[in-house]
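> Residue numbers (this note's numbering), protein chains in the order written: chain A, 272 to 507; chain B, 3 to 251.
These are computed hints drawn from the structure, not numbers from a lab.
Please note that a few of the clues may not be correct.
[Claimed, not checked] Pairs of lysine to aspartate or glutamate, DMTMM-like flavour, derived with a Cα cap of 20 Å:
| no. | chain 1 | residue 1 | chain 2 | residue 2 |
| --- | --- | --- | --- | --- |
| 1 | B | Lys79 | B | Glu63 |
| 2 | A | Lys332 | B | Glu63 |
| 3 | B | Lys89 | A | Glu437 |
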Amino acid sequence: MGFLEQLSRDFQNNIIAGDRYMMLLRGLGTTLLIALCAAIIGIVLGSVIALMRLSNFRLGKRFYPFRAISSFYVDVIRGTPMVVQLMIMYYIILAASSLSKEVIAIISFGLNSAAYTSEIVRGGILAVDKGQSEAGRSLGLSASQTMLLVVLPQSVRIVIPSLFNEFIMLLKETSVVGFIGLMDLTKAGDFIRSRTYAAFFPLLSVAVIYFVIVSILTRVFARIERGLRKGDGRTI
Amino acid sequence: MAEPFEESTLIETIDLQKHFGSLHVLRGINQQVKRGEKVVVIGPSGSGKSTFLRCLNLLEEPTGGTILFEGADITAKHTDINRVRRKMGMVFQQFNLFPHMTVLQNMVLAPVRLKVMPRPEAEEKAMGLLTRIGLKEKADQYPRALSGGQQQRIAILRALNMNPDIMLFDEPTSALDPEMVGEVLDLMRQLVNDGMTMVVVTHEMGFAREVGDRILFMDEGLIVEEAPPAQLFAAPRKERTQRFLEKVL
Ligand SMILES: Nc1ncnc2c1ncn2[C@@H]1O[C@H](COP(=O)(O)OP(=O)(O)OP(=O)(O)O)[C@@H](O)[C@H]1O
Ligand SMILES: [Mg+2]
Chain A
272 MGFLEQLSRD
282 FQNNIIAGDR
292 YMMLLRGLGT
302 TLLIALCAAI
312 IGIVLGSVIA
322 LMRLSNFRLG
332 KRFYPFRAIS
342 SFYVDVIRGT
352 PMVVQLMIMY
362 YIILAASSLS
372 KEVIAIISFG
382 LNSAAYTSEI
392 VRGGILAVDK
402 GQSEAGRSLG
412 LSASQTMLLV
422 VLPQSVRIVI
432 PSLFNEFIML
442 LKETSVVGFI
452 GLMDLTKAGD
462 FIRSRTYAAF
472 FPLLSVAVIY
482 FVIVSILTRV
492 FARIERGLRK
502 GDGRTI
Chain B
3 MAEPFEESTL
13 IETIDLQKHF
23 GSLHVLRGIN
33 QQVKRGEKVV
43 VIGPSGSGKS
53 TFLRCLNLLE
63 EPTGGTILFE
73 GADITAKHTD
83 INRVRRKMGM
93 VFQQFNLFPH
103 MTVLQNMVLA
113 PVRLKVMPRP
123 EAEEKAMGLL
133 TRIGLKEKAD
143 QYPRALSGGQ
153 QQRIAILRAL
163 NMNPDIMLFD
173 EPTSALDPEM
183 VGEVLDLMRQ
193 LVNDGMTMVV
203 VTHEMGFARE
213 VGDRILFMDE
223 GLIVEEAPPA
233 QLFAAPRKER
243 TQRFLEKVL
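Please put together the full structure from these sequences, using the hints given.
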């Protein structure tokens, strides 16, 4: 049997037979769902954490409770592996809950992404010139009005490229959800491999699908960034 | 307060102090600015001029002393500083226009958000001010598209659109190309003629002499000498003032 013939037979067995490609596509759906929902949690919670880290609320002379809580949170999340967080969430914290595995994965990745996103957002807020908030305050706007109307709109433009980047990292990082028995794209490929005893096509397909999705996203994001820059003729 | 507050005094500092850590930047400033008065602050770099100005609207928190604005102690704990700042316009060296807003949006943001006036009125007032300085057609442009002089004049109008009782200027022309200084000073002269109360930190000695009712010479955190411009520039009493003026004039 020739090499090409062998290859085509393998492809047939591993990807087409038994609608195995459907399994990969369903896995991809799970991957995208978890990444997307987690990213939304990450941005909302991450922004809250960022504001807490920058908060000037003080108890006594030098204790800033919001800063302490938020930086502890970020340290813990960054100091432990994602898979471990996911398993702790599934087997310990939410073990008794009736939540589906998908929801537990979304919560875990959302909480994880929030820590990284908060650093991005914090950087974006600090990158806005101090004169901007002074101008807002000098006009009589309150601290929160100044943050909301003057600083944050400028931060958004600064952080968007990093947020897109964070989303792509997150998307790839969800490949560990197989650890709690979810059938995402990676797990689907691995499952097929265990059935057909051939690793080549299942795993290569998985890699190619990730690569294509990330390439598409990168292109879409680049276009959005260009559009934003054109918006008011600025170049940051 | 020992002495009764004079009706015509708009702002008064009593033994105003400011420390940055161990750095003692304001060492007890006692000043009164009357309604309609134009006070110009001059002095060497690092003497505390900006800090003094920024303490007046509490952009810097004084570490000692008292500031009275329209008779009320604004350094007191319960003061609503946002309310006080509405009455004090401030103009910065770096303009600090909001880059994500058009000229008109810059000018109406605070008056509308703070409910000083409804949006149509704020826009009408803004357009009136822009027309007065010949920049009406820039209303819908973003600050980026404007020259430094235009930006600074719009920053002044943005503050004016709040109907302030006093305007604070911190070296408003120092960041400008020389050919743009004139247009900003011209607008400030218009405010002088309108009777606005002004405290101006500047290195423009000609302008100080021309519009100042009173010049404060500041050095090392103290007002070393104060006098009407004719007297201070022609016959400074203190040696430190003389040395400074020799350098800059
Ligand atoms: N936020 C700050 N933290 C620490 N030190 C500061 C701060 N702001 C000002 N200073 C210091 O306080 C002193 C007075 O500064 P200030 O800006 O008031 O001087 P200035 O008279 O306005 O000088 P210039 O003419 O250069 O603007 C300087 O030694 C400066 O380094
Ligand atoms: Mg200064």
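> The structure should be examined with respect to each hint, and the outcome stated for every one.
Right, here's what the structure says about each hint:
Proposed proximity of Lys79/B and Glu63/B is supported: the alpha carbons are some 12 Å apart, at most 20 Å. For the hint linking Lys332/A to Glu63/B, the alpha-carbon distance of about 16 Å falls within 20 Å, and the restraint holds. With a C-alpha separation of about 44 Å, the suggested pair Lys89/B and Glu437/A falls outside the 20 Å cut-off, and the hint is violated.
Taken one by one, the earlier hints fail for this structure only at number 3.
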